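Fit chain B to the supplied structure of chain A, relying on the hints for placement.
There are 2 protein chains.
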Amino acid sequence: MIKVSVMYPHQSNARFDHAYYRDKHMPLVQERLGSACRFYTVDKGLVGGSPGEAPTYVAMCHIYCDSVDAFNKAFAPHANEILGDIPNYTDLTPVLQISEVVVGQP
Amino acid sequence: MIKVSVMYPHQSNARFDHAYYRDKHMPLVQERLGSACRFYTVDKGLVGGSPGEAPTYVAMCHIYCDSVDAFNKAFAPHANEILGDIPNYTDLTPVLQISEVVVGQP
Chain A
1 MIKVSVMYPH
11 QSNARFDHAY
21 YRDKHMPLVQ
31 ERLGSACRFY
41 TVDKGLVGGS
51 PGEAPTYVAM
61 CHIYCDSVDA
71 FNKAFAPHAN
81 EILGDIPNYT
91 DLTPVLQISE
101 VVVGQP
Chain B
1 MIKVSVMYPH
11 QSNARFDHAY
21 YRDKHMPLVQ
31 ERLGSACRFY
41 TVDKGLVGGS
51 PGEAPTYVAM
61 CHIYCDSVDA
71 FNKAFAPHAN
81 EILGDIPNYT
91 DLTPVLQISE
101 VVVGQP
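Going down the list, the sequences are from chains A and B.
FYI, our numbering numbers position 92 of the first sequence as 92, with every residue one higher than the one before it.
FYI, our numbering numbers position 28 of the second sequence as 28, with every residue one higher than the one before it.
Isolated chain A (complex conformation) (with noise of 0.2 Å):
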């Protein structure tokens, strides 16, 4: 299993609806990739690693596929309406990385 990391670098003034995120971006995507996304999980930064510090990510999501291949083959034809929706909750721009499952949740 795989994990398609989307990560939103926290600024200060940046623009974030987790709630748009969480109803609407978010199911937008399980939609559009079926069942290539066998799940997902999202974040919402609270804290760095000092009392008061910013986090590093204002939100994460996780998207976990069975590889890579799978992943892209379903993102590939929904990537512009995907991205698209980008602006109606953040005017971050996201880093993204895959990552191996080496420990799942139980």
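Careful, some of the hints might be misleading.
[Stated by the list, open to error] What the simulated footprint calls covered on chain A by chain B, stretch by stretch (three residues with Cβ under 8 Å from a Cβ of chain B suffice, anywhere in the stretch; the number is not a length):
1. 43-55
2. 92-98
[Said to hold, decoys possible] With a straight-line Cα cutoff of 27 Å, these simulated DSSO-like cross-link-like pairs (lysine-lysine) come out:
3. K44/B - K73/A
4. K73/B - K24/B
5. K73/B - K44/A
6. K44/A - K44/B
7. K24/B - K44/B
8. K24/A - K44/A
[As the list claims (entries may be wrong)] Computed Cβ-Cβ distance ranges for the label pairs, DEER-style:
9. S67/B - A54/A: 18 to 24 Å
10. N72/B - L28/A: 32 to 38 Å
11. P27/B - N72/A: 32 to 38 Å
12. P9/B - I82/A: 25 to 31 Å
13. E53/A - E53/B: 26 to 32 Å
None of these hints come from the bench; they were simulated from the model.
From a predicted model like this one, the values you see are computed outputs, not experimental measurements.
Positions of the beta carbon are idealized from the N, C-alpha and C atoms, including for glycine.
Just chain B, lined up with the frame of chain A:
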């Protein structure tokens, strides 16, 4: 639920022993945190946002706890031992952030 994400930024020529991290370090963390660590997950970075691009993080773990306070109380007495184990698998300095789990694994 909150998650404590410990993220190791990718650097060329850096050392990271994924097997030690999975088989020794993270089980040590689980044992020392006890029931405060509900579970944890481990990722190995494969690729960044473009094919062939290095991932932002070579490895990550996510430690799930009921609250920030529960994590802090469980971690503090073992901080020296846990942090002291880091050089056994890497020469990287991790980035830490705590997030609220907005959507968890189904």
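Now for the hints, and whether the structure bears them out:
Against chain B, the region 43-55 of chain A contributes 8 residues with a C-beta closer than 8 Å to a partner C-beta. That satisfies the three-residue criterion, and the hint holds. By the rule of at least three residues with a Cβ nearer than 8 Å to a Cβ of chain B, the coverage given for the region 92-98 of chain A holds, with 4 such residues. For the proposed pair K44/B and K73/A, the alpha carbon gap of about 22 Å is at most 27 Å, so the pair holds. Of the supplied pair hints, the one linking K73/B and K24/B holds, its CA atoms being roughly 22 Å apart against a limit of 27 Å.
Using a Cα cut-off of 27 Å, the hinted pair K73/B and K44/A holds, with the two alpha carbons roughly 22 Å apart. Note on K44/A and K44/B: the hinted pairing holds, with a Cα-Cα distance of about 22 Å set against a maximum of 27 Å. A threshold of 27 Å between alpha carbons decides the hint, and for K24/B with K44/B the separation of about 15 Å falls inside it, so the pair holds. Taken as a hint, the K24/A and K44/A pair is honoured in the structure, with Cα atoms around 15 Å apart against an allowance of 27 Å.
Taking 18 to 24 Å as the suggested C-beta distance range, the pair S67/B and A54/A conforms, at roughly 20 Å. In this structure the supplied range 32 to 38 Å holds for N72/B paired with L28/A, their Cβ-Cβ distance being about 36 Å. About 33 Å separates the C-beta atoms of P27/B and N72/A, a value consistent with the hinted range of 32 to 38 Å. With their beta carbons about 27 Å apart, P9/B and I82/A fall inside the hinted range of 25 to 31 Å.
Distance hint for E53/A and E53/B: a CB-CB separation of about 28 Å, consistent with the stated range 26 to 32 Å.
Violated hints for the displayed structure: none, as all numbered hints are satisfied.
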